[in-house]
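Given chain A, work out where chain B should sit, using these hints.
What follows is each chain in one-letter form.
2 protein chains.
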Amino acid sequence: MTHDSTAPSRLPPTTLNVDLGERSYPIHIGSAVMGTAEWLAPYLAGNQVLVVTNETIAPLYLERLRLGLPDHLEVRTLVLPDGEEYKTLEQVSRIWDALLEAGFNRRCTLIALGGGVIGDMVGYAAASYQRGVAFIQVPTTLLSQVDSSVGGKTGVNHPRGKNMIGAFWQPKAVLIDIDTLITLPSRELSAGLAEVIKYGLIRDSDFLGWLEANMQALRGLEPDALVSAIERSCRLKADIVAEDETEQGVRALLNLGHTFGHAIESHQGYGQWLHGEAVGAGMAMAAELSHRLGWLDDAQVARCNALIASAGLPLEAPQGMEADDFLERMRLDKKNLDARLRLVLLESLGKACVFDATPSDMLQALLEEFPRR
Amino acid sequence: MTHDSTAPSRLPPTTLNVDLGERSYPIHIGSAVMGTAEWLAPYLAGNQVLVVTNETIAPLYLERLRLGLPDHLEVRTLVLPDGEEYKTLEQVSRIWDALLEAGFNRRCTLIALGGGVIGDMVGYAAASYQRGVAFIQVPTTLLSQVDSSVGGKTGVNHPRGKNMIGAFWQPKAVLIDIDTLITLPSRELSAGLAEVIKYGLIRDSDFLGWLEANMQALRGLEPDALVSAIERSCRLKADIVAEDETEQGVRALLNLGHTFGHAIESHQGYGQWLHGEAVGAGMAMAAELSHRLGWLDDAQVARCNALIASAGLPLEAPQGMEADDFLERMRLDKKNLDARLRLVLLESLGKACVFDATPSDMLQALLEEFPRR
Numbered sequence: 329m330t331h332d333s334t335a336p337s338r339l340p341p342t343t344l345n346v347d348l349g350e351r352s353y354p355i356h357i358g359s360a361v362m363g364t365a366e367w368l369a370p371y372l373a374g375n376q377v378l379v380v381t382n383e384t385i386a387p388l389y390l391e392r393l394r395l396g397l398p399d400h401l402e403v404r405t406l407v408l409p410d411g412e413e414y415k416t417l418e419q420v421s422r423i424w425d426a427l428l429e430a431g432f433n434r435r436c437t438l439i440a441l442g443g444g445v446i447g448d449m450v451g452y453a454a455a456s457y458q459r460g461v462a463f464i465q466v467p468t469t470l471l472s473q474v475d476s477s478v479g480g481k482t483g484v485n486h487p488r489g490k491n492m493i494g495a496f497w498q499p500k501a502v503l504i505d506i507d508t509l510i511t512l513p514s515r516e517l518s519a520g521l522a523e524v525i526k527y528g529l530i531r532d533s534d535f536l537g538w539l540e541a542n543m544q545a546l547r548g549l550e551p552d553a554l555v556s557a558i559e560r561s562c563r564l565k566a567d568i569v570a571e572d573e574t575e576q577g578v579r580a581l582l583n584l585g586h587t588f589g590h591a592i593e594s595h596q597g598y599g600q601w602l603h604g605e606a607v608g609a610g611m612a613m614a615a616e617l618s619h620r621l622g623w624l625d626d627a628q629v630a631r632c633n634a635l636i637a638s639a640g641l642p643l644e645a646p647q648g649m650e651a652d653d654f655l656e657r658m659r660l661d662k663k664n665l666d667a668r669l670r671l672v673l674l675e676s677l678g679k680a681c682v683f684d685a686t687p688s689d690m691l692q693a694l695l696e697e698f699p700r701r
Numbered sequence: 329m330t331h332d333s334t335a336p337s338r339l340p341p342t343t344l345n346v347d348l349g350e351r352s353y354p355i356h357i358g359s360a361v362m363g364t365a366e367w368l369a370p371y372l373a374g375n376q377v378l379v380v381t382n383e384t385i386a387p388l389y390l391e392r393l394r395l396g397l398p399d400h401l402e403v404r405t406l407v408l409p410d411g412e413e414y415k416t417l418e419q420v421s422r423i424w425d426a427l428l429e430a431g432f433n434r435r436c437t438l439i440a441l442g443g444g445v446i447g448d449m450v451g452y453a454a455a456s457y458q459r460g461v462a463f464i465q466v467p468t469t470l471l472s473q474v475d476s477s478v479g480g481k482t483g484v485n486h487p488r489g490k491n492m493i494g495a496f497w498q499p500k501a502v503l504i505d506i507d508t509l510i511t512l513p514s515r516e517l518s519a520g521l522a523e524v525i526k527y528g529l530i531r532d533s534d535f536l537g538w539l540e541a542n543m544q545a546l547r548g549l550e551p552d553a554l555v556s557a558i559e560r561s562c563r564l565k566a567d568i569v570a571e572d573e574t575e576q577g578v579r580a581l582l583n584l585g586h587t588f589g590h591a592i593e594s595h596q597g598y599g600q601w602l603h604g605e606a607v608g609a610g611m612a613m614a615a616e617l618s619h620r621l622g623w624l625d626d627a628q629v630a631r632c633n634a635l636i637a638s639a640g641l642p643l644e645a646p647q648g649m650e651a652d653d654f655l656e657r658m659r660l661d662k663k664n665l666d667a668r669l670r671l672v673l674l675e676s677l678g679k680a681c682v683f684d685a686t687p688s689d690m691l692q693a694l695l696e697e698f699p700r701r
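Chains as they are written, first to last, in the working numbering: chain A, 329 to 701; chain B, 329 to 701.
Chain A on its own, in the form it takes in the complex:
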């Protein structure tokens, strides 16, 4: 199966450069960026390549990706199980075992073909193999395309917390082939759109307007709309990360909806609510709290909620999850240094802020009164 038989190559890829000095890298976004050597071969460190993917993605895209790897290379593949529950040190060890069994040296290249779990694990495996080797991200979900492509965060979960073991490690390139979204379940497409909306809410009111006008095109997988939304999301994230590599200031804004969202994911059990669904509800909660603080008016809250709903995302918290269930988990969030409760809220649509002094009775009331589904 070649690419051309499944999706017409109508668009030349758009390239966005993530500027990180010596560690700068390009993100190529478009249709048919997988499957030709043009967008992959320039970023290989040597002749040894390990492609890591999962059991869901392998039958769909592994062959297509391999068409982009020149014949003279020594290419190995490793297929891991699919799912957040496999984002563990044990699975990363399997990547190291495969590299050592193949006798790969410091000039090898790892390619991560899959969603955020694969990208995070392969990135961490690359960061630690022989103290650091090259890797290339080929994200196949909208969420990983707009979130993991920028920022250099890699790692695995620990039984006591998500992403507790990891490293900052930048890829040599990111290839975003929008054709992979054809096979993405629509629920996961919506989950990815939550992060896209987030970028508009925290920094870019123009983009919010564009999203309102183009949400149906995005959900219909129209290529121009997808490339535009992905590029703008990656650019917004890249600007924020460049301002704050160490995550002490503005980068915290990327957590809009995430403190509430993580509490929902953790209470429901990971995998019940998708991350993006929890973030969607979490953004609605942040908007409502911003309203109670007098920052957003009724019309702004309604507009925010309409956009979240139009992406197919929930506007309610889970049935049966009490205020105390939220508070207990929000205080465990690893961004709350020394147990201080820090929330990202909205000063206006398109402008977020970190607020350290949320009145606890106001938060308590919100958590009690917010609608449940």
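Honestly, the hints are just simulated from the structure, not real lab data.
All values reported here derive from a predicted model rather than from experimental measurement.
The C-beta atom is built at its ideal place from N, Cα and C for all residues, glycine as well.
One or more of the hints may lead you astray.
[Unchecked claim] Footprint (simulated), chain B over chain A, 3 or more residues, beta carbon under 8 Å:
| id | region |
| --- | --- |
| 1 | 516 to 529 |
| 2 | 639 to 648 |
[Stated by the list, open to error] Each pair of labels, with its calculated beta carbon distance range:
| id | chain 1 | residue 1 | chain 2 | residue 2 | range |
| --- | --- | --- | --- | --- | --- |
| 3 | A | Ser352 | B | Glu350 | 17 to 25 Å |
| 4 | A | Pro398 | B | Ser352 | 56 to 64 Å |
| 5 | B | Ser352 | A | Asp552 | 43 to 51 Å |
| 6 | A | Gly431 | B | Asp684 | 54 to 62 Å |
[Said to hold, decoys possible] So, partial list: chain A residues that the calculated Cβ filter (under 10 Å) puts toward chain B:
| id | residue |
| --- | --- |
| 7 | Asp425 |
| 8 | Lys481 |
| 9 | Thr482 |
Just chain B now, kept in the frame of chain A:
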């Protein structure tokens, strides 16, 4: 037990700064640098401290180290088994488990109290905990004081190779308390002296002369001599690392004696020959090969050998280890990219070079003819 009861505090510590831009750090070298807050407290990132040591060092120095940690801190300790065979991902996972059980956040500090194995593991644990936290090295063997204090190499062994999993991660400070050498077995002291001699051989003929004059003082643990030798060794290594952080050029010179030495260690089984002993014999082999290439004369080889012997190190390869045993293992060395055999040899005493074109018949003859013990 306080420090003063076991060794008089005669010397104010000497401080060497390792210049790495934002990641610069000091090395404090002297008597009684452990046990007072003066040399430790300034480098703690926050109030949470995990001291990691091993079963040999804990009863000797853990209490003394803790005297240097102010009372208001939250201090935990973790005691790991002693030995190279425990330099594994499994033991590093125990460090991560301890950090998470204690609920330590990104502002915690790890302290590595022990030799190279503890330092490498704690450094890697720090590099990967929540994508990187602070750590302080308190090396208690001469080898780790002159080798691991500079360079930022951290990691663990894999069944298929030494140091295959790891990261480059710099400490916030290194505290070298020479009083810890009082309890070091003399065989391990000699092993540490192998690396000290190495620095002289590769870059500093003046230091070689100083070592010839002071070897007995060093083996007798005279404080002034120890501080001088450790400082000069760290400075020489720091200069080399600063010139070549990515280990493509001059940093390779640090492997003088190591390609032969790793082959000996691996053939004999790790732990039979100490690393420094194997490096001692390996340096003698490198000197002999340099002689056969016409670079060193008889007198230079004799001088080199006399210095190695005066440190209590072997001048012979292991009995029963054949030329083929060497060649097989030397080709596996991870510094030999693409299986090319690269050796560090001596142009003169005090000047090493990387030689990629060792005539194979000359190497074969050396390996067959070199004395065995």
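Hint check results:
Evaluation of the coverage hint for the region 516 to 529 of chain A: breached, as 0 residues show C-beta separations to chain B shorter than 8 Å, against a requirement of three. Check on the region 639 to 648 of chain A: 0 of its residues sit with their Cβ under 8 Å from a Cβ of chain B, so the three-residue criterion for coverage is violated. The hint said 17 to 25 Å for the Cβ distance between Ser352(A) and Glu350(B), and at roughly 18 Å that hint holds. For Pro398(A) and Ser352(B), the hinted distance range of 56 to 64 Å is not satisfied, since their beta carbons lie about 43 Å from each other.
For Ser352(B) and Asp552(A), the Cβ-Cβ distance of about 49 Å falls inside the hinted range of 43 to 51 Å, so the restraint holds. Separation of Gly431(A) from Asp684(B) is about 20 Å and departs from the stated range, judged on CB atoms against 54 to 62 Å. For Asp425(A), the interface hint holds, since its Cβ comes within 10 Å of a Cβ in chain B; the closest pair sits about 8 Å apart. Because the smallest distance between the Cβ of Lys481(A) and any Cβ of chain B comes to about 7 Å, under 10 Å, the interface hint for this residue holds.
Annotation: interface hint on Thr482(A) holds; nearest CB of chain B at approximately 8 Å, less than 10 Å.
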